[in-house]
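Colleague: Work out the full structure: start from the sequences and follow the hints.
Residue numbers (the working numbering), protein chains in the order written: chain A, 1 to 111; chain B, 1 to 116.
Be careful, since some hints might not be right.
[Said to hold, decoys possible] Below, a list of computed lysine-lysine pairs in the DSS-like style, where the Cα atoms sit at most 27 angstroms apart:
hint: 1; chain 1: A; residue 1: K98; chain 2: A; residue 2: K55
hint: 2; chain 1: A; residue 1: K55; chain 2: A; residue 2: K68
hint: 3; chain 1: A; residue 1: K98; chain 2: B; residue 2: K9
hint: 4; chain 1: A; residue 1: K98; chain 2: A; residue 2: K68
hint: 5; chain 1: A; residue 1: K108; chain 2: B; residue 2: K9
hint: 6; chain 1: A; residue 1: K108; chain 2: A; residue 2: K53
No lab work stands behind these hints: they were computed from the structure. On a predicted model such as this, the values are computed, not experimentally measured, just so you know.
The lines below spell out each chain.
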Amino acid sequence: KNEVEQSPQNLTAQEGEFITINCSYSVGISALHWLQQHPGGGIVSLFMLSSGKKKHGRLIATINIQEKHSSLHITASHPRDSAVYICAVAPLTSGTYKYIFGTGTRLKVLA
Amino acid sequence: NAGVTQTPKFQVLKTGQSMTLQCAQDMNHEYMSWYRQDPGMGLRLIHYSVGAGITDQGEVPNGYNVSRSTTEDFPLRLLSAAPSQTSVYFCASNNRGRSRGYNEQFFGPGTRLTVL
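Modeller: Here you go:
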């Protein structure tokens with residue numbers, strides 16, 4: 001079993017829909033990272049969080065440390081949101097700088 | 001700032017050849033990492049560095065070497081390429097977080113490597 005699980009693996013939505021991507025992990029962490037990988041391959045950081053909730057534009061990320069779960073929400077989705085969304089965690093026990101990555105959620109937003 | 005740069009963007013090698021993937025960052029970040037990305041798998045850590053002169057192995061280090069002689073540069077060397085090393089390689093950098101946390105990572109554009 002992977003230490004970081006994302007669901008769904010693939011998601012197709014209509015423009016304007018509210019989207020939720022989930023990330024569950026099995027280790028204690030110091031931080032969780034949401035990344036976006038564009039169709040061209042580039043990876044950008046969306047959020048880094050260790051508690052609560054963060055919002056940036058139409059994107060909202062939440063984390064529940066006790067339940068070992070995080071969600072990424074996209075409000076009023078748009079075709080330009082089509083990308084792979086990756087969850088990564090920084091384990092407490094690693095003692096050094098080592099992230100564990102989920103396999104990603106492939107999102108396609110149709111016009 | 002250019003951020004994190006990687007060269008080359010594409011490379012085709014024959015089995016047994018060696019090559020170096022270049023990575024540089026101009027943000028004065030302490031931490032730098034190399035990952036490989038394969039279909040159906042998450043990014044996997046190959047090697048990382050917490051500062052100039054300090055490197056350590058990640059999850060999949062076999063067949064790769066790294067060095068960190070300066071803060072800016074972190075090259076990845078394939079000693080004798082094998083078809084199993086066909087992958088997309090990403091370099092990333094970040095600074096240590098203010099407390100025990102970690103600051104966000106900045107990724108390079110990636111190098112797509114094919115080993116025949």
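Colleague: All hints, please: hold or fail.
Modeller: A quick look at each hint next to the structure:
About 25 angstroms separates the Cα atoms of K98(A) and K55(A), which keeps this hinted pair within 27 angstroms; it holds. The suggested pairing of K55(A) with K68(A) holds, with an alpha-carbon distance near 20 angstroms, which does not exceed 27 angstroms. Of the supplied pair hints, the one linking K98(A) and K9(B) holds, its CA atoms being roughly 25 angstroms apart against a limit of 27 angstroms. Straight-line distance between C-alpha atoms of K98(A) and K68(A) comes to about 18 angstroms, which keeps the hinted pair within the 27 angstroms bound.
About 26 angstroms separates the Cα atoms of K108(A) and K9(B), which keeps this hinted pair within 27 angstroms; it holds. Straight-line distance between C-alpha atoms of K108(A) and K53(A) comes to about 24 angstroms, which keeps the hinted pair within the 27 angstroms bound.
Checked against the numbered hints above, the structure violates none of them.
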